[in-house]
Amino acid sequence: MKTILGIAVFLLTSMLPIYAQRGNTQAPTSPVTGSAANGKALYYSYSCYACHGYNGETGRAFVGNWSANLANEENFIRFLRGRANVAPLTPSTSMPNFAENTLSDKQAKDIYAYIRTFKNAQPDLKNIPLLNQIVEDASKPSTR
Amino acid sequence: MAKKNGSLNRRGFLKGAAAGAAASAASLVTNTSPAEAQRGGNAAAPVPAPTQEQIARDAGVVRPPATVRAVQRPGSDLMVQVLKDMGLEYVAGNPGSSFEGLQESFINYGNPPNRMPEFITALHEESAVTMAHGYAKAEGKPMIALLHGTIGVQHAAMSIYQAYYDRTPVLMITGRDEGFIQAHTAHDMSAMVRSFTKWDAQPRTLEESLTALQHAHNEAITPPMGPTLVVLDTEFQKEEARELKVPAYRPPQIAGIDAGKAKEIAKALLDAQNPRIEVRRLRTPQGVKLSVELAELVGASTGTGATTGPMSFPQRHPLCGPGASTAYDYTLGLEIPAAQASIIGPGLATLLARDTANIGFGGIVPVAGGRDARGGAGATNAAAIQADAEASLPLLIEEVKRQLTADKRRVIEERKAKHAEANRKARIEAITQAVETKRNGWDSSPVATARIYAELWPLIKNEDWCLASPSGFSGGHHVQLWDHNKPYSYLGGQGAGGMGYGAPASVGAALAAKSRNRIVINIQTDGDLNYAPGVLWTAVHHKLPMLTIMHNNRAWHQELMFVEYMCGVRGRGTDRGHIGTSLRDPFIDYAKMAAGYGMASEGPISDPSKLAAAFKRGLDSVKRGEPYLIDVITQPR
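In order, the protein sequences belong to chains A and B.
For the first sequence, position 140 matches number 140 in this note's numbering, and the numbering has no gaps at all.
For the second sequence, position 100 matches number 100 in this note's numbering, and the numbering has no gaps at all.
Worth flagging that the hints you see were computed from the coordinates, not collected in a lab.
Ideal placement from N, C-alpha and C gives every residue a C-beta, glycine not left out.
Errors might be hidden in some of the hints.
[To be verified] A few chain B residues facing chain A, derived, Cβ under 8 Å: (1) I428; (2) Q433; (3) W442; (4) P458; (5) L481; (6) E564; (7) M566; (8) C567; (9) I579; (10) L583; (11) P586; (12) Q635.
Only chain B is shown next, with the shape it has when bound in the complex (with noise of 0.2 Å):
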C-alpha cells in the first residue's frame, strides 16, 4: 500500500521542485491520511441521505437557522483577497452550499465587485475545470475553477484529469461544510482526485486557508504545472477574521539553468556552423517572446510546436523552418517532446504514484553534433536538464549577447538571411503540395472540412484570433492553410481525448480573448459538444467573442470506423456498426439548440457555398460581443 504514503511523499518532493513557493505545504493539511479517513468513513455504515429538512434548506425553501451571526470581516473577503493579490481575472463556478461564504465575497466583495476575479456562471463542473484549462492554454496563466463538496468535484474529475495530462495550471477550490449535508462533505475531500492533481490541501484554519491559496497558485504555475486543490471549510469562510492580514503574495522562483550550464550552451551556440532551436510549448506567452530573441541572436534555424499546441515559436517566423542546411552541428531543444514524455504521458503507474520520480519537466536539452543530431523526436541521445526552459532563457541570452563577437555578429547575419529564403521556399513548396489535397470534395455536399479552414481563413488572417479547440477529429487542415504566430493562434487537444472539450475550452479561451480585443474560433465536433452543452450559455451571459462553427458529422465517428472495423473482422456486416456510434434518427438541430440557450445562430447548412457568407455573419456577430453558433453538416472527415 505505497498510496498511504503517497501524500505526504508528494508534498515533500514537490515542496523541493517548487523551490521559493509560498508556504510550507506540511502545516496546511490536515492529518487525515486517507486511509484513516477511510475508517473515519466506517465503510460498514453508508452516510446517510440527505433528510428532508436538508434538502429543502438547500432547495432555499426554509429559512436558514440564525445561528450564523452577521460578521464585519468574514473570512472568505481575504480569500478573495489573497486571490485578488495573485492577478487571476476569473472564478468559474456554479453554485455550492459548500461555498456559499465565499461565493458572496466574490461577487460583493472589493471595490469595484465582481472583478478580478469576476464570476464566470458555468452550468457543470466538468465545465468549469475545463473553461480554465482553455484560459490557461492560451494565457499562460490560471483561472479558479469552485467546486461544490464530494458530488461537484466527482463533475469535475475528468476534466481535472485532462488538465493534468496536459500539464496545464488550474487552480481549483471546493468547500467542506462538515455540518449540515453528510453527502456533501468528506473527511479527506482530494482523495477522488488526488492522483490526478499536483497539489492538494485541506487547511486546518483561516490563516492557513489564505496561504494555502498562495501555494496551490505557485505550485499550479511551477513546472511540472497541474491542477491543484484547496478544500476550504465553510466555517473559515464565515468566521470574523478580525485582525487577520493577508499575508503577502510571492511568486515562486522557478529553477532554470545555472550561470554555468548558460555559458557553456552561449558558447556551443555561437561555435556552431549550424546551430538548431527546437521550440515546443513554453509556459507563458514572455517564454515565446524570449525563445524568438535567443534564435535571433545566434542566427538559428528552429522547429516549433505552434501548429500542434500553445505557446511556440511562430510558425512563419523567417526563421522558423529546417533552415538552409539540415546537417545541423549542435541543437538546443526548448521543451522538446522527448523531454516531455515523463509527464506528458504519464502512464497509469505514474497517475497513482505521482510522488515518484516520473514527474519531471521538459527543460532545456542540449545535442551535441553528428549524423543524428537533428534535435526533436530524434533527440533521443540528448541527456534532459531538468530546469525550465522558459526560465533558463534570459540568463543564456544575456550570455550569448556577452560572448558574442563582432565577426560571429556578421556570420549569423549572413546565415539567417540563407535560412529566411530556404525557410520561405520550404514553406511555399509544403503548401502548394498541401493545396492539392485540400481541394478535395470542394464542391461536396455535405461539405469537406477542409473547405471550412479555407474559406474561414481570408476573414480570420487579419484579426487576432485563437482556435481553441482540437482539430485532430476535423482533419487539422489550419496546420498548412492558417498562419500560426502568436502563443495562442492553436490550443492544442484535449489533454487525455476526453470529450465534452472543445466548447468549453473555447470558453476559456474566449475569457481570455475578450479583454484583449481577440476572437476565438471553435471548429466544434458534434458529438464532443452534446456532453455539456449549457457552456454556450455561459458564453452568451458573458457577452465572449467565440464563433462556433460545427463540424457536424453525426456520429462519434472515429468510434464508428473502430466498430465497422470489428464487425468486419468477426464476418458479422458493418450495417449495424452505426448503433451507438451515430447521431442519427433524430439528427440534432444544433442551431436550435444554440437557440434556446439564447446564442445566434444559423443553420444547417450542406451546401460549401453558403459557407462564405454564413462566416461573415458570425464573425460580424462575434465582434459584437454575441457569440455565434454555425451549424455545417460535414463529410464524415
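Chain A with its partners taken away, still in its complex shape (with noise of 0.2 Å):
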C-alpha cells in the first residue's frame, strides 16, 4: 500500500510543474470557509509573499495563471502537505513544506480565502504605452 501511495505522490509531485504552467486564467470558485482577514497576516507572518509578492502578482505569481492546487481548500492543503522534506545540499527557492504541525488545516484554510481574495489586475499590453514603445523601439537600429 505504501508502495502505491508514493508513486501516487510522486507522480502527482513530477506533474506539479505541469499544472503550474497550464494554470487556468480564471480564479477557481469553489467554496472558501477560511477567513481573509485572518489569511492576510498569515500569509505576511509565513512569507508566502517572499516568492509569490504581496498580491500573488510577482516572483512565482499564481495570480491568473491558477493551478489545479489552488483549486479548491482540499488540492491547497494537499500541496501544501506533500512538499518536499528532504533538505537539498545546495539553498533552495523551491516551495518549503508546510506540515500540519506548523501551519494547521484552519489557517491554511484562512491563506486560501486570502488568496482567492487576489485579483488579475494587470492591464492588457495594449494599455500599456510604455512596453510597447519598447517593441517599436526594437525594430529600430540602436538608439545610440
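Once you've looked at the hints, go ahead and assemble the two chains, each given alone in its own frame, into the complex.
Next up, the structure:
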C-alpha cells in the first residue's frame, strides 16, 4: 500500500510543474470557508509573499495562472503537506513543506481564503504605452 | 607547505606572463618569506597594543616629535609623479598615518595640485577598493585605492577578493610604518590578502618603490587582470629624493596571437560560408571597437555578453544575434566563457596557490565547423589559445583585410544584409515575448521590479548611461527592456557575490562618468547598501552623476527564501524564517539615510504611478551634478 501511495505521490508531484505551467487564467470558484482577514496576516507572517509577491502577481505568480493545487481548499492543503521534506545540499528557493504541526488546516484555509481575494489586475499590453514603445524601438537600429 | 614558496613561484610565473612589463619583480620585494615574517612576528608574544601617547598622536592631540626635517623633494612627490605618468585619474582612500606623506603629495604636488590623480574621500577601505572595481569595469583601466597599514588592508579584503574574482585591475597602495604603531605595520603586509591579489611588492628603497608602482600597474592591466598591491614605507615617502629621477613609464606589451595564427584564423573566417564570432568581456573599449570592425569585415553573426557585463559587442548592432542561420561552419570565440573558466571561477585551491597553471585567460578560440560548432558555452571542443583576444584583433583584422577579395566582399555584404534582417526579427520576437511577462504586477503596490526598469528606460534611452549595479537580485529586467550598446552599458555582478558592492561600484563608475557627460544608474538592493552606506556621502562630496533607485524589499530576500525552505523541510514552520533575513521593526528609511549624508532624496514610494515623475526629478538633479536617491518599496522580486 505504501508503495502505491508513494507512486501516487511521485506522479502527483512530478506533474506539479505541468499544472503550474498550464494554470487557469480564471480564478477558482470553489467554496471558501476560511477567514481572509486572518489569512492576510498569515500570508505575511509565514512569508508566502516572499516568493509570490504581496498580491500573488510577481515572483512565482499564481494570479492569472491558477494551478490545480489552488482549485479548492482540499487541493491546497494537500499541496502544502506534500512538498519535499528532504533538504538539498545546495540552498533552494523551492516551495517549502508546511506540515500540519506548523500550519493547521484552519490556518491553511485562512490563507486560501486570502489568496482567493487576489484579482488579476495587470492591464492588457495594449494599454501600457511604455512597453509598446519598447517593442516598437526594438525594430529600429540602436538608439545610440 | 607549498605556499611557503608561493610568492617567488608566483612572481616567476607572472613575470613570464607579463612579457615586457616594466621592471623585474625579483628586486622589488623584501627577502622576508611569509614563514620568516611569521617567525619575526613572534607568535608567543603578541604585538603590544598602541600606547596612550601613540593613540594621542594618531588622534592629533599632541605635537609630533620634530624628527622629520623639511625636505625639498619628498619621495612621495616622485611616487605621485609615477602615478601621473601612467594616466591614473583617481585615488580613493580615507586617511591613515602610514601614508600621510603620500597623501600630502597627492593633494599638494603638481600643477594643478590634486589632479591626475584626484583624491576621492572614501569612508571605508572596502568602499575605496570597490569604487576602483566599478571604475575599472566602466573605463577599462585602473584607479588607485589607498589603504592604511594592516587594518585598512583588512577592511579592504572582501572587495580585493571580489576584484580578483572579477579579473578587474585595481592598483592598491598601503603604507607601512615600522616605528610608529606596531599594530598598524607588519613584516609582510601583503600576506593577509596575497592569495587573492595578482601581484604585490614591498620595496626596500625609494627607487624600488617607483618601479614597483609601475610594475604593479602593468601587472594589474596585463591579462589575467587583477588587483595588485604595493607596500610603501613611510620613510621612503618622506625621504629627500635629491637628484633621483622618475623612471620613464613603459606600458606592458600584451601578447596576442602570432602572425601565423592570425593568417590561419583570417582564412578560416573568410572561407566559411556562415562564420560566427562569440564576444564576451574584452579588456577595454578599444577591444570592443575592434571586435565590431572584425565582425563587419567578415560579415559574421555575433554573440555578445553586453547584458551580463562590460566590454562586449553592442547588443543591437545589426550583426548581433543568431543571424540568418545558426548552422555556423566556423566560430571564433573572443574571451568566451569556456576559455575563461580557469580564471573567472578559481576554486579555493586556485586561490591558495595562485602560481599554478590554473591562472590563464580567455584569449581567442577558433572552433572548427560541424554540428556542435555553435561556439559560446557549447564550444567545449575548443582549444583555447592562451593569448589576449583584444591584443590579437589588430593583427587579425590586418590579415583579414589582406586576404579579402572583391568576390568575398560581395558575398559578405549579402550575408550581412540577411543577418541584419534576421536579427531584427529575432529581437522583436524576443522583446514581444518579454514584455508579456513584464506586465505582471504592473499596477501592484508595492512596486513590481520590472516597472522600475520600464519607467526608467524612456527617460535615459537618449542619454549616455551606465547601469553600474548588479541586477541579478532585481529581476535583470534591463536585459530585455534596455539597449546595451556601449562598452559600459551594464557592469555586471559583484565578482564573488559579496554584499556592499552596488553603491561603491556605482560611485566608481560615476567617477569614470563625471568628465565624460555620462550618467550612472544604481538600482540598489537594500541589504547591499547597509554594508557601507557612507559611500553616498562620497558621491555627494564629489558631485558625481549617480541616480540611486532603491529596490527596497526590506530583506536579504534570497536568503529569506533559502531559510524559509529550510524551515519547511525540517517541519518547523516558516513563520520565523524572517529572523536574521529581513529588515523590519523598524523599516529603514533610505531617503532619510541619504539626506543624512547630504544627498537629495525622496520616498518611500510604493505607488507605481508616482515613479516616472520621481525618476524625472532624480535625473534632473543628477544632470546638475547632484546625486539623487529614490526609495522605492518593491515587491520582493
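So, going through the hints one by one against the coordinates:
no. : hint : result
1   : I428 : 5 Å, holds
2   : Q433 : 10 Å, violated
3   : W442 : 5 Å, holds
4   : P458 : 7 Å, holds
5   : L481 : 6 Å, holds
6   : E564 : 5 Å, holds
7   : M566 : 6 Å, holds
8   : C567 : 6 Å, holds
9   : I579 : 11 Å, violated
10  : L583 : 13 Å, violated
11  : P586 : 16 Å, violated
12  : Q635 : 4 Å, holds
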